[in-house]
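Okay, so the sequence shown: first residue is 1 according to UniProt numbering, each after it adds one.
Don't read these hints as lab results, they were simulated from the structure.
Ideal placement from N, C-alpha and C gives every residue a C-beta, glycine not left out.
A couple of the hints might just be wrong.
[As the list claims (entries may be wrong)] Below, computed lysine-lysine pairings styled on DSSO-like, alpha-carbon distance capped at 27 Å:
{"no.": "1", "residue 1": "K205", "residue 2": "K100"}
{"no.": "2", "residue 1": "K182", "residue 2": "K24"}
{"no.": "3", "residue 1": "K100", "residue 2": "K113"}
{"no.": "4", "residue 1": "K24", "residue 2": "K113"}
[To be verified] Listed next, with one range per pair, are the computed distances between beta-carbon atoms:
{"no.": "5", "residue 1": "G222", "residue 2": "T95", "range": "48 to 54 Å"}
{"no.": "6", "residue 1": "K208", "residue 2": "R230", "range": "31 to 37 Å"}
{"no.": "7", "residue 1": "P101", "residue 2": "R163", "range": "16 to 22 Å"}
{"no.": "8", "residue 1": "R110", "residue 2": "D32", "range": "28 to 34 Å"}
{"no.": "9", "residue 1": "A41", "residue 2": "L178", "range": "23 to 29 Å"}
{"no.": "10", "residue 1": "Q98", "residue 2": "C168", "range": "33 to 39 Å"}
{"no.": "11", "residue 1": "R18", "residue 2": "A177", "range": "56 to 62 Å"}
{"no.": "12", "residue 1": "E170", "residue 2": "R38", "range": "39 to 45 Å"}
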Amino acid sequence: MGPKTPVPEGDIFRQPLREQINLKHPLVRLADLIDWERLNAAMSASFVSHRGRPATSPRLIAGLLYLQHAFDLSDEEVVWQWLENPYWQVFTGETYLQTKPPVDPSSLTRWRKRLGEAGVEELLAETIEAAKRANVIKTSSLKRVIVDTTVMEKAIAHPTDSRLLERCREHLVKAAALHGLKLQQNYNREAPRLAGQIGRYAHAKQYKRMKKALRTLRSRVGRVMRDVERQLTGSLSKVGRRWKS
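With the hints as extra help, turn the sequences into a complete structure.
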């Protein structure tokens, strides 16, 4: 079954979003410049459902992925901010204000895999070209977006590296335990709490608090890493002295 397209409902009690917002907003202008039909045609093969349920709208996924890259957001954050932002909803093709998440955040990872690197690059190329025509973004700002797409499937976490830092700390602690290293501190309680705070601060747009928590988490992971390095260096030195003797 092919992808579903949002169908306007003739409800006299519901006012269309475009009648309530500023039509000169950059995202509205950008939405009107993007060739959505061409994108739908290019992406349609990836959006066919074989399970009987209507597939997700290509425009919705294309729009969410563009917004994610443009605003440097995680999968969870782009979905929840979409829910709170009528301009984002118009950009992805909605006619009326929606009050439920458009997709499960975890599904965006699956969509990126289904589209593949070439598909995502095609999607972003069209939206970026339209954004340049609308003067929504500058050419100088495209370098980060291009880098993001080329390393899309590698170890990247948006909007911060908090999840990667926490994962790194967990691996270090497990490796230390496996090799009998006694760490001065493992931060098993503090680090997960900090990682959770960073996500909440980002969602609430409390960026000063987010950056402060991120610096603290980074310093904690750095301490664990240096502790492991010191102990490993000491162990190697002992082995070297024994070998010489």
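Notebook entry, point to check: So does R18 sit 56 to 62 Å from A177, Cβ to Cβ?
Noted result: Holds: the Cβ-Cβ distance is about 58 Å, inside 56 to 62 Å.
Next item on the list: Could you say whether the range 33 to 39 Å given as a hint is met by the Cβ separation of Q98 and C168?
Entry: Holds: the Cβ-Cβ distance is about 37 Å, inside 33 to 39 Å.
Checklist line | 28 to 34 Å as the expected CB spacing between D32 and R110, which holds or is violated | finding: holds, 29 Å
Next item on the list: Below or equal to 27 Å on CA atoms is what counts here, so check K205 against K100.
Entry: Answer holds: K205 to K100 is near 21 Å, not above 27 Å.
Check: Falls inside 16 to 22 Å, the C-beta gap from P101 to R163?
Finding: holds, 20 Å
Next item on the list: Note whether the CB distance of E170 and R38 lies within 39 to 45 Å or breaks it.
Entry: holds, 44 Å
Check: Are the Cα positions of K100 and K113 separated by 27 Å at most?
Finding: holds, 24 Å
Next item on the list: Check the following: the C-beta atoms of G222 and T95 are separated by a distance inside 48 to 54 Å.
Entry: The hinted range 48 to 54 Å holds for G222 and T95, with Cβ atoms some 50 Å apart.
Check: Between K182 and K24, does the CA-CA distance stay at or below 27 Å?
Finding: This hinted pair is violated, its Cα atoms lying about 60 Å apart.
Check: Regarding A41 and L178, is the given constraint of 23 to 29 Å on their beta-carbon distance met?
Finding: violated, 52 Å
Checklist line | Straight-line alpha-carbon gap K24 to K113, limit 27 Å | finding: With Cα atoms ~34 Å apart, K24 and K113 exceed 27 Å; violated.
Item checked: Assessment of proposed distance window 31 to 37 Å (beta carbons of K208, R230) -> Check passed, 33 Å falls within 31 to 37 Å.
Checked against the numbered hints above, the structure violates hints 2, 4 and 9; every other hint is satisfied.
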